[in-house]
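My request is simple: use the sequences and hints to build the entire structure.
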Amino acid sequence: MLTLRRGEQLRARLHALCRRCLSAKTQAKTLANTADDVEYSAEPEYPEIRDLSFKARKQQLAVDWHNEIRAVPTVEEKMIKLNMPRYYGYKVVDLTDNLVPYNALPLTQHYTRTVLEQQPATVEEDAKLDALVKATREDVIEALEYAHDLYKHQLSLLDTQPDAVQRERQLTLIILEQVNRAVLQALSADFAHLQDVEIDYNPRHEAFWAVGGVDPPKNVVKSKQGNEWQKDQAHDSVDRLVQYTGEPYLALRHRHQLPNWRTAEESNNLTLAKQLPRYKFDARTLGYCTKYQHAVNVPGYWPSANAPNFGLLSFQSRAHLQLRPKTYGEEDQLEALHALAIQSSYAWLLAQANYNGFNTYNELTYPLNTQTVITNGREWSFYAYQLNTLLVHGAHVDENPVVNFCRGTAPLPLYGEISEAGKCVDFNEATLRQLLAQYSNVPSIQRSPAELLPYVRDATLRRAADYENGEQREFLERTFKHLASKRPRHLELPEIYMWEKLYKIDNPTRSMEPRRRFFELNINPWRRTLDQHDKEYVPRVVRPGGKKNREGRYKKTYYP
Amino acid sequence: MRLTNKLYAQHIGWHFKKHWQVQGRRVPKDTGAAADLLKMGVQVKTSEDVLNPKREPKLVEIVGAVDKPIVEDETHPNWHLTAGHLFGDSNVLLGGLPQAQVLTNTIEINGFPRQIDEAIVSTQFPKTIDRTVQNLIISSQLLDAQQVKLPKIKLIDRPAYNLPRVYGISHERRNRLLINKLLFEIEKLAGRSVTVRRKLIDNVTFQTSLIKDNDLLLFKITGDKLISSARPLDTIKGKFNGDLPDLYPMKCTVSMPKQHIYTENTFYPIRREITCSHPHTIFTYFDKTVVGNMHGSEVSKTQFYGRTLLKAFAVAASRAKQLGDVPSNGVLQKPIVVQCIQTDGQEFHFGVLQLNTLDLSSDSATKNYWFHRPSVDLFTECSYQTGRPNIGGYNSEAFRILNAFYNNS
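Chains as they are written, first to last, in my numbering: chain A, 1 to 560; chain B, 1001 to 1409.
Hints in this document: simulated from the structure, not taken from any laboratory. Beta carbons are placed, not taken as given, at the ideal position from N, Cα and C, and that holds for glycine. Do not rely on the hints blindly, as some may be mistaken.
As the list claims (entries may be wrong) - Straight-line alpha carbon distances no greater than 35 Å define the calculated DSBU-like cross-link-like pairs of lysine-lysine that follow: (1) Lys-231/A to Lys-501/A; (2) Lys-1154/B to Lys-548/A; (3) Lys-1149/B to Lys-556/A; (4) Lys-547/A to Lys-1154/B; (5) Lys-1237/B to Lys-291/A.
What the hints assert, rightly or not - Some chain A residues judged to face chain B by a derived CB distance under 8 Å, without partners named: (6) Asp-149; (7) Gln-185; (8) Tyr-201; (9) Glu-474; (10) Lys-481; (11) Leu-483; (12) Ala-484.
To be verified - Derived list of chain A stretches under chain B, where covered just means 3 residues or more per stretch with a C-beta under 8 Å from a C-beta of chain B: (13) 176-184; (14) 300-314.
Structure follows, in structure tokens:
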């Protein structure tokens, strides 16, 4: 009896609801009729037809994500956003400044989209440069002799000598610090920009980017071939993520940018882009390694409002080249130097671009330039690099018409040798001239902040430190540094034990056991996103809103 | 499951095995044959001796990938019977500055030499200099991107509590960047005429040994930065008198670790033939995780000051010995003046040592001079506060003194 009455009540309510709904619809129709000029046009305007194929949908998803990154307001948040998809980090190809395997140049050019040009070993005749060479020559020779003598004397104290690579690193650092000081002092009277440079000593240079056009790994091919509808895409190229880590001896930075030596028209050249070498194999075939880590972009310092943001000159080490077998040959040695210069210049500029709101998915709006010197104290090679584009991922590797440029010299000796008496023999003025030409290259391009950082919010909000909310600033600062510190996660990645692989995965012999392990619940731990973690508990004593407040039990997170 | 084997009680094989074991344990009866044979002079051997004769294991010389470390005992080539008292990079003197004074035969003068005092007061700086120095402090202490594991932090109240490990800029790098940047700024102000006469070198070693009242003192220190100059620093004008402090009941070598392995060579990092080899200023960093008392207690202020003096002394003494014209009474013809700056990145202690004599015995008439002032803080705090770099309590005094020291000649 009771249930019947309840049913009737419900039916009555439903009727009432339907009646209300119908009346609302008819009213809306009468309203729309009055303004139908707006809704209808003579020519039908159809929405854009979307390609609904699997591949196109995937590409669209990627583009949407890239646009999301672009819309993120501050520089630090953009870098956190880049890391959002992975709690345990990306699988990256590990490029470092202390390993250049055999035949690394094609891979380097492909990964950095760089056209390599030979620079003449002699700089154009210039009276001013001649005077500078004359003025600094004695100082540089003295610095060289001083550094050699000092190091030789230091070694005499040691019982066991350090190995050759270590020796070269130590000696080159001493030479560079002496030469750099001598040149800066000699030149700063004539060149005001050298008064304003900031010198980084052994700075940390890191950059992260994505590269397309590489053959897919075997497991991806296999998995796609197993799917009837994916078979034809099985051999499509798959993006590789690259992380460069380097530590030059010295790096000089300035507030302004170096002038470009390639115009926008020269850089925008599809035929040139098509001629670039393409290294389709996995980078591991050359001897590079892969590792898991977060995407880190660091040009040597943390983002700051008034730091000199643009690179002027960096000095790279070539000590590890001693470890390469002699059988690699002279030509490969030269190519290794070029590869090293391209990688380090690209990575430093990319990290600088990141501090201006660009990244590997958001294209540069103006070119960036830098100069690089690779040296062991005696042999010096000089490079200039112009970064025009950052898009190397996905289909851009085929379609992007813009290329980057690098021009460099072969290694030039600064002196013949240091004699037994500690005197510098056969000093080469041409090399000094090249070095001075790089120092005296005046960074002259100034851009307005709006032009420099087009993808960040506005003048009031460029970096995380600009936020009004103190808690948010603190959270972003801590998260950003945590990602960049590469510290291991609190809990390691869950492991599949060997017996589980045997008896649970390969041969499911334990069907009666409850399924509790992650691989039995279809959880891929690598897919854990950055924000999937327990929130930080706020003890009652310090809880805002009083001890009884249940809302503020956990600290807020501000992931972009 | 049981780890032991199941007992197959009915297994015939098992029974045979047991039978063999029982039979194998039988003790042979002594028949008296051996004794008789011995009486007749025949040697008796057990079957064990014949079947398994004893062999001495042969020692094999294994050539490893690395050289074996030399054993630090009497066989060490540098072993001496008399122990020396070492002052190194990681120990401080228990008695602090008074002990350092007695050890080095030095009288303390509170205040700098006159020309430095004048330079500190009279030097004019551009108006923007304070802003610039603050910026460079921030850029070296906060904005550098190095992230390494820093030493563990322990709470004194709760020593067993494990705090999260902090990552950041290492102490050494912090100081290196700060000093480099400060010097770069000072050199810009000083102009070329001064800077060409100076050279900067990192990580230099000084080594020397001296005898004081029958005790051998060994100095083996590193300077984190050395400014060398083309001309030695002028001798400080004026006559200074004072007495050495009384350490009784302590002996002056207390808390200096004894070493039997040492060399009595002197090492100065630059050869004397080189033009720019005179010591001008030595910088040392103070890292409390590395430098400490023997018994683990905190380094006190006076111990901190004493370390500055000893570092300066080691530099001056090794230079004096390198120059080699030390008369038998130890009094130098031309005193050696060295400036020393010790810093932990925040606190700066400046001092000037004039080495008049290498004779350290307590009855020596000539004394060395140590000019110093209490340490000054460059800033009181420099850290990120709610996500923004912040520097508080900046004191320009340290920069002014540093500038005066650099320009002193």
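(request) Please flag the earlier hints that this structure goes against, numbers listed from lowest up. (result) Of the numbered hints given earlier, those the structure breaks are 5 and 11, listed in rising order.
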